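Protein sequence lines correspond, in order, to chains A and B. Residues 1 to 123 in my numbering are what the first sequence lists, from first letter to last. Residues 124 to 582 in my numbering are what the second sequence lists, from first letter to last.
By construction, these hints were calculated from the structure, which means they are not laboratory data. Be careful, since some hints might not be right.
Label-pair ranges, simulated between beta-carbon atoms [what the hints assert, rightly or not]:
no., chain 1, residue 1, chain 2, residue 2, range
1, A, Gly100, B, Asn519, 50 to 58 Å
2, B, Glu394, A, Thr60, 38 to 46 Å
3, B, Asn519, A, Arg4, 28 to 36 Å
4, B, Glu394, A, Glu38, 21 to 29 Å
5, B, Arg422, A, Asp74, 31 to 39 Å
6, B, Gln330, A, Glu98, 57 to 65 Å
7, A, Met61, B, Asn427, 38 to 46 Å
8, A, Leu121, B, Lys446, 40 to 48 Å
What you are looking at is a predicted structure, and each value in this text was computed from that prediction instead of being measured. By construction, the Cβ of each residue, glycine as well, lies at the ideal position given by its N, Cα and C atoms.
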Amino acid sequence: MDKRKRILIIEDEKAMVEAVRLRLEANGYEVLTSGDGEEGLIKARAEKPDLIILDVMLPTMDGFKVCRMLKFDDQYNEIPIVMFTARTQESDLAEGKEVGVNAYVKKPFKSEELLKVISDLLP
Amino acid sequence: MEKNNRFPENQEDESQLLAKDIKEKYFWAVELRYLIAAVSLIPFILSFYSSAFSGVNVKLISLVLGYNLFAHFLYLFRKKYSLWQMILIRSIFQFLDILAITFLIYITGWTDSPYWFLYLVLIVISGFGMFSYYSISVLLIAFFCVLFYLGVFLLAYNHVLPVYRPDFNISPTEFLSLLLNKAIFAVVSFFLFAAAIYYFSKLLGEQRKALSGKNRELLMALEEMKDVDQMKDEFVSTASHELRTPLSIIRENISLIKDGVVGSIEGKQKELLTTSIENVDRLSKIIDNLLDISRIDSRSLELNCKPADISEIAGRAVEILTKKAADKDIHFNLRLAENAIALIDPDQILRVFINLIDNAVKYTPRDGKVWVIVEDGPNFIKSYVCDNGPGIAKENLSKVFARFMRFQSPDKAFISGTGLGLSICKGIVEMHKGSIIVESEIGAGTRFIFTLPKGVKNG
Chain A
1 MDKRKRILII
11 EDEKAMVEAV
21 RLRLEANGYE
31 VLTSGDGEEG
41 LIKARAEKPD
51 LIILDVMLPT
61 MDGFKVCRML
71 KFDDQYNEIP
81 IVMFTARTQE
91 SDLAEGKEVG
101 VNAYVKKPFK
111 SEELLKVISD
121 LLP
Chain B
124 MEKNNRFPEN
134 QEDESQLLAK
144 DIKEKYFWAV
154 ELRYLIAAVS
164 LIPFILSFYS
174 SAFSGVNVKL
184 ISLVLGYNLF
194 AHFLYLFRKK
204 YSLWQMILIR
214 SIFQFLDILA
224 ITFLIYITGW
234 TDSPYWFLYL
244 VLIVISGFGM
254 FSYYSISVLL
264 IAFFCVLFYL
274 GVFLLAYNHV
284 LPVYRPDFNI
294 SPTEFLSLLL
304 NKAIFAVVSF
314 FLFAAAIYYF
324 SKLLGEQRKA
334 LSGKNRELLM
344 ALEEMKDVDQ
354 MKDEFVSTAS
364 HELRTPLSII
374 RENISLIKDG
384 VVGSIEGKQK
394 ELLTTSIENV
404 DRLSKIIDNL
414 LDISRIDSRS
424 LELNCKPADI
434 SEIAGRAVEI
444 LTKKAADKDI
454 HFNLRLAENA
464 IALIDPDQIL
474 RVFINLIDNA
484 VKYTPRDGKV
494 WVIVEDGPNF
504 IKSYVCDNGP
514 GIAKENLSKV
524 FARFMRFQSP
534 DKAFISGTGL
544 GLSICKGIVE
554 MHKGSIIVES
564 EIGAGTRFIF
574 TLPKGVKNG
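Isolated chain B (complex conformation):
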């Protein structure tokens, strides 16, 4: 299947991903270089002013400084390197590090110099810095450390390098035992240390690898789910289009009979046909709502945003529902702010108001009150639709925006509706980058509050 190609199995790509991951995670270890360079800079500058800082130390410092600055320069472009180039560059710098440390040991007391611990630091840093696949390089670095450590010892003994210890004067047998002593010390301590680092970095690498494998599986599952989701949306969309034609035929035929176009009918028949038509309309409303839900889910509902007065929209919604409310003797209380202009889709926001007010009217008993309030704010416009109906129980409050959730009316009468209205309202408000909440208490009425940002662009 083609979608498997989205995640290449290729080792190289995975290594690159891993390298990137490590670069991000252990950045500090790599960046220690800059700290070294910065610290080195101080005596380097001082050497121009004081004789105490002149001499071979400054040369070493210049060396360290020089190549660290060079490293810095290279790392600035690190994104352009392939994995193997990265390894090469890093190896070169690790090698230079060993060289610099060895030189430091050589000028500060020779093999007795305490600076040998810098080798260990180097091993630790390289253990973290190296890519887990190549953690074996830690052992290689340990090997080079030993080689250099003993190398400088040998070179000095053979007078290739000048000796920085004036009292250095030993016999060949003494030298041999000293060399053996140092060799055992260096090999044992460095390699033990490197082996430990190698083991941990390998362990870490394996874990990371397993994790990335799992990640990929998850990503694939997610991708598949998205496909299924899209198929579902397309299915709903097509199905609802297909449903409309037969539905309109049914509706038109029934209404032809009802209107007596094809022959006269009597009262009861007419009544039944009227009910049928009402239910066809209800069905088509459910289809519309399902289509809207699927569009909201797939983010394909198109908003036609323009500056519009929310108060005016709220007023229009109230007007549309006036008759319905009057039938139930429900009184409207309006408090609409002047000039509540926001960048919105007026048709969609009208639907939100109609839905909320319609709900309030439906669920509020006879002689109840419904408040519609629009408040203007600096960045947001807050709208309230409240009623003094029976309220919603606490345990049901969280389910209000769920799909196909319907509550019984106060008088236990059948309430027609699709159970999708509030879910659509929430979708529309959220597509406007706004939010909607519900507050209610049994016996104290229900309050829907939605907030719309004033300047939202089409989203």
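Bound-form chain A, shown alone:
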């Protein structure tokens, strides 16, 4: 049995984090959490998770910025990033494309959808 994949959730809504954590743990992932952008970035750098789930609207630093900081850093740009978003207009998605978001999950999401996106991104 190989090592469990580690996923970092950066999301300020506690209940949301809790729900996603339960779901991911039930599906055999190890989950790390962070409630704001800056802290999340530090955690991502320290822990080097296998995948990051990122919310757009975050305190201290927004999701796009966190994503950019990681994707422009050779050490971390391999980490796939899944973005939670409530916005789905083309122009909103374009910004994500620019900063290298790997996938979007639109709120409210179906858990199967989230799990599929994650398993597609993880080797």
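Given chain A's structure and the hints, the job is docking chain B onto it.
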């Protein structure tokens, strides 16, 4: 409030607007000048060929022609003039007009010349041509007409000007009575006429002013309404974003319980939770639709147009709904034209097809038929979604595209939906510069027809 600044109260601006308005409306009166110039040109040219046209008449004609051409030249640049410059220019030309008419009277029979009626014409034209605020100038023109008319009489009597009437030979008393006679005639007729014109032009001006005031009020109200509308759009947009997060928490938590992640549950509980999730999904669909409606209203829905095959899109929509239709034993009949390529947003048009076909399936009773037809045309592509369901009553037909309008299904079963689907379809089709109509009759099924132009740019 800042928005009041959009409509300056400033008199000058309003006058300018009014001047522009009058320039547009009474253009013909001003342009009579050109007609005069054109007519004058004929004897002027003839004077080179025939002696009958030579003499002082031609000189007058040259004068009239000359300054009218000059006027024409000035009017070509009329947009650059301020109101006061316009008044000055116009006054000069009015003055020259009086001069020319007086000269005409002088050479054609002196004070007995019938051409004095040209003064009246001038008064009428200036009455219409002058800006309503300055209609008093009509009286001024009448005054000058009288002055010139009597002036030429006096000048000729005193031999300053040569007399163009050979038999002119009167005594001073005769002259005085003649002068008095002409003076009374000129003053009374000109001023009466000018006063009437002044009165009417003033009346017209006041009406116009009142109208422009009302216009401004209306414009302001419209502006305010636009602001409110924008606020509404922003509100809907923000609210729906804010609603999504709690909604996703609710959905995820319920589905965690339902899936037994946090402890096992039994059949009935699972059933209830499944219903809850379905309704959360329905709620989120309503939010999506509301957001779309608000985007369509505020014209901020972004179309990602590219050449796409409408038949292929229609086919995809049918495929997506095949299972739903099979559950109700509804049969699809497809007639899709080959290569129905148009510049469209494929995702949005797919939504239109899904919405229409979904409706057809929903409202058609078991074992019914649904037709999906795409017809290629030279400039447009026409798509039909028809069913042989119960149809829509005539009085309801106009309400089909209205928001939150829902009709009962044939078997009176509850039909889930947001009541926004068709309204969104209409919005999307219209954003593609296309049109959508519905035809139906009770018992004869319903037909939705939408037409999309082939080459529409992103709009």
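Quick rundown of the hints versus the structure:
1. Between A/Gly100 and B/Asn519, the C-beta spacing of about 51 Å keeps the proposed range 50 to 58 Å intact.
2. Restraint check, B/Glu394 to A/Thr60: a C-beta distance of roughly 43 Å satisfies the suggested window 38 to 46 Å.
3. Between B/Asn519 and A/Arg4, the C-beta spacing of about 59 Å breaks the proposed range 28 to 36 Å.
4. Distance hint check: the CB atoms of B/Glu394 and A/Glu38 are about 45 Å apart, inconsistent with the given range 21 to 29 Å.
5. Between B/Arg422 and A/Asp74 the CB atoms are about 43 Å apart, so this pair departs from the stated range of 31 to 39 Å.
6. The hint said 57 to 65 Å for the Cβ distance between B/Gln330 and A/Glu98, and at roughly 59 Å that hint holds.
7. For the pair A/Met61 and B/Asn427, the supplied restraint of 38 to 46 Å is violated, since their beta-carbon distance comes to about 30 Å.
8. Between A/Leu121 and B/Lys446 the Cβ separation comes to about 29 Å, which falls outside the hinted range of 40 to 48 Å.
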